[in-house]
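Take a look at the letters that make up each chain.
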Amino acid sequence: MDINLTPILTSWPFLLKALGMTIFVSVMSTALGFVIGTLVGALRTYGGRMTNVMLGFYVDSMRAIPLLVILVWTFFAFPLLIGASINAVTAGIAGLGLHLGAYVSETIRAGLTSVRRNQMQAALALGMSRFQAIRTIILPQAIIRMLPALGSLFVIAIKDSAIASVIAVPELLRQTQIVAGKTFRPFELYTAAMLAYFILCYPVARGVDRLYRRFSHLGSS
Amino acid sequence: MTAAPILVFENVVKRYGALTALAGVSLTLHRGEVVCLIGPSGSGKSTLLRCANALDPLDQGRISFDGHEVRSSEASVRLVRQRMGMVFQNFELFPHLTVLRNVTIGPTTVLKLGQAEADARARKLLAKVGLADKETSHPSALSGGQQQRVAIARALAMEPALMLFDEPTSALDPETIGEVLSVMKTLADEGMTMLVVTHEMDFARRVANRVAVFDKGRVIEEGTPQEIFTAPKVPRTRDFLSHLGWHGESK
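Chains A and B, in that order, are what the protein sequence lines are. Just so you know, we're using the numbering used here here: the first sequence kicks off at 1 and counts up by one. Just so you know, we're using the numbering used here here: the second sequence kicks off at 1 and counts up by one.
Bear in mind the hints are in silico, worked out from the structure with no lab data behind them. A portion of the hints provided could be inaccurate.
[To be verified] A few chain A residues facing chain B, derived, Cβ under 10 Å:
1) G127
2) P140
3) V208
[What the hints assert, rightly or not] Which residues of chain B face chain A? A partial, calculated answer using Cβ under 7 Å:
4) L55
5) Q82
6) E92
7) H96
8) T109
9) V110
10) S140
[Said to hold, decoys possible] If you want the ones that stay clear, here's a sample from chain A, every Cβ over 10 Å from chain B, calculated:
11) G20
12) V53
13) D60
14) F78
15) A168
Cβ atoms here follow ideal geometry from the backbone N, Cα and C, with glycine treated the same way.
Okay, chain A solo, but in the shape it has when bound:
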């Protein structure tokens, strides 16, 4: 098999832009997922029984439906429901974020319940409201404790952004497919894409690990 790197050399600006889109979609969907996950996790931990049941349904359904199906539904079916079209990037970020949020919420919930009960009591004894206590005392400890798990979810979010290629989000995999199709050099292009994902994700995984080793002592009450 002969290797021809010309297609990569000629279309690198196009692919670099695609990589930028991958990063953008990953970061935005992670941000959305972490906001949803933190809210849902906290509400399920401290809210009433009804809240817990209702949000539990959200979490379970996100875990029961394939991400691919969620993305396709968000892009092709949801617009029919609301009678307006949404662009692929928005649909991709929304679908990925909603899906990720379910997993983040379970992680946050585990973190919150792992913080010793007396930490809440100590915060309340200072005169804090429950909300203040959760925000300033319990949640920060929970997040520190759950850093490795949350870091894994971030890496998963980067990797899963590739699934958004099916709804034509112009991210790395989608654009690589386009170039590979045009140049008939799938081996070189898909190998390059694989390497790009690795180079993107590996430092994130390592970085979170280092962060955790540095800060883990702050999470143990």
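Starting from the structure of chain A, add chain B where the hints point.
Leaving out everything else, chain B in the frame of chain A:
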């Protein structure tokens, strides 16, 4: 005692399921007074403290603080807690915050004090408990005695009218108990009103104005340290003290 009552327990009953932790406790704490609660483990001393600032709700009876009933309405309870400092057996410092931030977080979050003002207040208190040099440390870097002194500073930063101590030295190594007790003694000397659950009989004898002896959820005897430690009237008190190796007048 001529001072006004600040904390009054009237026939307080607290149950945990089938267990009756407090079986009708009445006790009055006056301004400037130090009252020590002693008695065997599980006799309800700590529960009484937790009821005082409504960390545990009552089943029966009434607690009033500074003339107002401590109820379980969220807003009024928060006001009461702001004015009642609490020190826990296991310190319960906030591990993710520096020593300084542990002390300032109450004033800044609850009293909405500015950071600079809170910092100044905290530094003064850390100096008072002998930990001025530790303000940038995190709790995990401190010994148990140091952590408990920070916890005292944290409670004092709210400028409370009353301090509750829940077995503040029970989780400490013997060599660090003294440093915590001496901080508490200083507070008492300065006129702080204190309700102290303790197994440190020597502290109770030297510092308390009054001692209340608990057994099975009741106050079985109450009096000056002199009365309790030299001439206990109730046989169960004598029994309890002798189990601790206390035989009437000593030292």
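Consistency of the hints with the structure:
Among the interface hints, the one on G127 (chain A) holds; its C-beta lies about 3 Å from the nearest C-beta in chain B, closer than the 10 Å criterion. Checking P140 (chain A) against chain B: minimum C-beta separation of about 5 Å stays under 10 Å; hint holds. Nearest Cβ of chain B to the Cβ of V208 (chain A): about 17 Å, over the 10 Å cut. The hint is violated. For L55 (chain B), the interface hint holds, the least distance from its beta-carbon to any beta-carbon of chain A being 5 Å, beneath 7 Å.
A distance limit of 7 Å between C-beta atoms decides the matter here; for Q82 (chain B) the minimum to chain A is near 3 Å, and the interface restraint holds. Checking E92 (chain B) against chain A by beta carbon gives a least distance of about 4 Å; that is within 7 Å, so the hint holds. With 7 Å as the threshold, the beta carbon of H96 (chain B) comes within range of chain A, its nearest partner Cβ sitting at about 4 Å, so the hint holds. The beta carbon of T109 (chain B) is positioned within 7 Å of a beta carbon in chain A (closest approach about 5 Å), and the interface hint is therefore held.
Interface hint status for V110 (chain B): upheld, as the beta-carbon distance to the closest one in chain A is roughly 4 Å, under 7 Å. Evaluation of the S140 (chain B) hint against chain A yields a held restraint, the C-beta minimum of about 5 Å falling below 7 Å. No beta-carbon of chain B is positioned within 10 Å of the beta-carbon of G20 (chain A); the least distance is around 35 Å. Distance check for V53 (chain A) against chain B: the nearest CB is about 24 Å away, which clears 10 Å, and the non-interface claim stands.
Listed as a non-interface residue, D60 (chain A) keeps its Cβ farther than 10 Å from every Cβ of chain B; the least gap is roughly 31 Å. The claim that F78 (chain A) is not at the interface with chain B holds, since no C-beta of that chain comes within 10 Å of its own (minimum 40 Å). With a closest Cβ-Cβ approach of about 43 Å to chain B, A168 (chain A) is found to remain outside the 10 Å limit, as its non-interface label requires.
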